[in-house]
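Enquirer: Work out the full structure: start from the sequences and follow the hints.
From first to last, the protein sequence lines stand for chains A and B.
Add 2 to a position in the first sequence, counting from 1, and you land on the number used in this note's numbering.
Add 2 to a position in the second sequence, counting from 1, and you land on the number used in this note's numbering.
Some clues are possibly wrong.
Remember, identical chains collapse to one label, so a pair may be satisfied in a single copy or spanning two.
No farther apart than 20 Å at their CA atoms in a straight line, the calculated lysine to any residue pairs in the SDA-like style are these [to be verified]:
no. : residue 1 : residue 2
1   : Lys54     : Asp28
2   : Lys102    : Arg24
3   : Lys54     : Tyr98
4   : Lys102    : Arg84
5   : Lys54     : Gly29
6   : Lys54     : Ser31
7   : Lys43     : Gly143
8   : Lys43     : Lys54
Simulated from the structure, these hints should not be mistaken for laboratory data.
Number of protein chains: 2
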Amino acid sequence: MARKASVGNEDLLARLGATFRRVGYDGASLAQLSEATGLKKASLYHRFPDGKEQMGLEVLQEAGRWLTRHVLEPLAGEGSPRERITAMASELDVFYQNGKQACLLNLLSSPIGIAGPFQTAIRDMLEAFVAALAAVAEEAGFTPTEARERAERLVALVQGGLVLARGLGSTDPFTRVLSRLPTELLGTDTAIA
Amino acid sequence: MARKASVGNEDLLARLGATFRRVGYDGASLAQLSEATGLKKASLYHRFPDGKEQMGLEVLQEAGRWLTRHVLEPLAGEGSPRERITAMASELDVFYQNGKQACLLNLLSSPIGIAGPFQTAIRDMLEAFVAALAAVAEEAGFTPTEARERAERLVALVQGGLVLARGLGSTDPFTRVLSRLPTELLGTDTAIA
DNA sequence: GTCTATAGGAAGATAGAC
DNA sequence: GTCTATCTTCCTATAGAC
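Expert: Encoded structure:
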């Protein structure tokens with residue numbers, strides 16, 4: 003049952019994902035997706051009979067697998083809370099290429115009222131991410147509500163860091179956000195006013 | 003020189019902007035923009051000879067004027083730092099409709115390497131926003147670098163809150179983020195771990 | 001499974017009447 | 001300044017050879 007093909011499933015999804023993350027879902031034409039993968043349009047349809055939408059879904063599922071392996075599982079694993087958050091920041095830094103790559107969960111999501119084809123997948127992934135972080139915060143001693151709020155805030159900070167990096171045309175904001183993640187989830191802030 | 007027309011410039015830009023914020027720039031077809039404004043395609047081209055791109059630019063400029071009037075000027079105005087940030091949060095809540103409306107600066111921005119037609123406008127607006135917040139933080143006693151970082155973080159938090167609200171399909175994350183803005187910029191956090 | 005070729009329609013944009 | 005009608009290009013998607 004070996005795969006003789008030109009690209010291989012993982013590589014294929016990675017290239018499609020990279021294109022979506024670069025130009026957005028609506029911005030990505032089949033011509034671009036074809037060029038990015040090295041497969042002609044008809045070949046893409048052979049692999050994804052439901053077309054672009056199926057590509058989006060499978061790319062999202064692949065991102066979900068990455069999230070589980072590189073974020074959720076490590077967060078539930080060994081080490082102190084702080085160590086785990088720091089390790090996670092490192093993973094995110096690689097995944098988003100210091101902020102140069104956008105997030106699919108941002109680019110594929112639909113307005114609040116309208117139900118897009120990716121919405122449940124996106125919601126599930128974000129929810130799982132927040133829950134995993136909240137568990138770490140609880141373990142560190144925060145109440146469930148406080149832990150949940152901090153977790154949510156951390157995810158918002160990551161997403162916002164990516165938006166800011168794009169908007170300002172610099173990876174710095176994202177890098178700074180990443181370095182703040184342990185503090186953001188686990189506390190120790192200094193105040194003045 | 004009175005305008006006899008059906009919509010009026012401000013209303014027109016508002017409707018175009020609402021469409022962009024709902025479905026994104028690439029996702030917005032001229033057919034949709036036509037329907038949203040009540041103007042036929044040819045009429046839109048009469049008003050915007052350079053087409054969709056010009057619409058995007060002018061909508062962005064209109065957003066810039068809103069930002070100046072409702073955020074930048076109040077931030078530089080009367081009241082304690084905390085009062086000004088709270089007032090700003092209130093303005094943002096209205097503008098983004100509790101998180102139901104996305105942000106143009108997110109939807110129109112291009113990847114870090116690539117220079118899109120809106121990039122400088124977006125960068126300028128984000129930069130001005132951060133700068134105005136940093137000034138408030140400095141006034142509250144933070145060092146310039148610390149103030150700048152806090153300002154940047156606040157903007158990231160707002161953007162991320164919008165992304166999260168969309169992704170989770172709920173306005174709650176955005177509302178919670180807004181309520182945290184004073185603390186986020188001016189400090190007073192409690193720690194455990 | 002991959003390709004060339006093409007269908008069929010929607011996209012952005014224009015011409016010209018009123 | 002707004003419209004109907006149209007143009008061209010690009011898009012998604014399919015047919016059918018290899």
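Enquirer: With identical chains treated as interchangeable, where does the CA-CA distance between Lys54 and Tyr98 reach 20 Å or less: within a copy, between copies, both, or neither?
Expert: Close neither inside one copy (23 Å) nor across copies (30 Å); limit 20 Å.
Enquirer: Are the CA atoms of Lys43 and Lys54 at most 20 Å apart within a copy, between copies, both, or neither?
Expert: Result: close within a single copy only, 10 Å intra versus 28 Å inter.
Enquirer: Is it within a copy, between copies, both, or neither that the alpha carbon of Lys43 lies no farther than 20 Å from that of Gly143?
Expert: neither (53 Å within a copy, 59 Å between copies)
Enquirer: Tell me, please, which holds for Lys54 and Asp28 at an alpha-carbon limit of 20 Å: within, between, both or neither?
Expert: both (10 Å within a copy, 15 Å between copies)
Enquirer: Pop the pair Lys54 and Gly29 into one bin, within, between, both or neither, using alpha-carbon distances up to 20 Å.
Expert: Answer is both; intra-copy 11 Å and inter-copy 14 Å each pass.
Enquirer: Have a look at Lys102 and Arg84 and pick one of within, between, both or neither, based on CA distance no larger than 20 Å.
Expert: neither (26 Å within a copy, 34 Å between copies)
Enquirer: Tell me, please, which holds for Lys102 and Arg24 at an alpha-carbon limit of 20 Å: within, between, both or neither?
Expert: within (9 Å within a copy, 24 Å between copies)
Enquirer: Since the copies are identical, ignore which copy is meant and state whether Lys54 and Ser31 lie within 20 Å (CA to CA) inside a copy, between copies, both or neither.
Expert: Result: close both inside a copy and across copies, 9 Å intra and 18 Å inter.
Comparing the model with each numbered hint stated earlier shows that hints 3, 4, 7 do not hold.
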